[in-house]
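Engineer: Letter by letter, the chains look like this.
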Amino acid sequence: GENVEQHPSTLSVQEGDSAVIKCTYSDSASNYFPWYKQELGKGPQLIIDIRSNVGEKKDQRIAVTLNKTAKHFSLHITETQPEDSAVYFCAAGGSSNTGKLIFGQGTTLQVKP
Amino acid sequence: GAGVSQSPSNKVTEKGKDVELRCDPISGHTALYWYRQSLGQGLEFLIYFQGNSAPDKSGLPSDRFSAERTGGSVSTLTIQRTQQEDSAVYLCASSLVGWNTEAFFGQGTRLTVV
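Those protein sequence lines, which keep their order, are chains A and B. So the first sequence is numbered by my numbering: it starts at 61 and just counts up by one. So the second sequence is numbered by my numbering: it starts at 3 and just counts up by one.
Pulled out of the complex, with its shape left as it was, chain A reads as follows (with noise of 0.2 Å):
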């Protein structure tokens, strides 16, 4: 079935450097790839997405890069801040053939000031 490997599952970094969190799927059909934020105590929320007609996609301090041909795509952050602490999942999704949405396991960003 469809699955999704993200890694690190633990990521810790400076307050203002860049931190990078890659996932791989296996349906080639994905063509829909979000990125979600989630805190303590609260759903997951979406900081950005990226399409399979696109291969980077950026939002101030944050960019998402894809390879459809290797399937896997890379989540960015610049000059991280500790607000940035959280666990971040990246999912695929968008296949013709199922809408689901399939989750990596996850990563725990901490940013230490």
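To list a few chain A residues with every Cβ distance to chain B over 12 Å, as calculated:
hint, residue
1, Leu71
2, Val73
3, Gln74
4, Glu75
5, Gly76
6, Ser78
7, Thr84
8, Gly115
9, Glu116
10, Lys118
11, Glu143
12, Ser145
13, Val171
14, Lys172
Simulated pairs of lysine to aspartate or glutamate, EDC-like, Cα-Cα distance not exceeding 16 Å:
hint, chain 1, residue 1, chain 2, residue 2
15, A, Lys97, B, Glu104
16, B, Lys59, B, Glu70
17, A, Lys131, A, Glu65
18, A, Lys97, A, Glu143
19, B, Lys59, A, Glu62
20, A, Lys172, A, Asp144
Honestly, the hints are just simulated from the structure, not real lab data. Note that CB positions come from ideal geometry on N, CA and C, so glycine has one too.
Given chain A, put chain B in place with the hints provided.
Structural biologist: Quick look at chain B alone, frame taken from chain A:
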């Protein structure tokens, strides 16, 4: 409402009892998802509703789990004869037209089976 609403926010139940979890999606959203999140774990897909199509139940872990969506709006996730391993946060999300559109999550229902 403004967002996805789930109730109750917390539920403690005894092993063997049945529980019902409710999800009110964003008005007008045709797609609705249920996920389970165990402590410190990722989001495990359970079931997906899209409009009037037959739901994708491929993620339900056993026949003790079922879900329905009445009138294309409110959804109820039912767990029969609860077990301790069912303890988790159950998250509901909705999106405008399903695949390829943003899914908005509720706050979740924390289920504890004692």
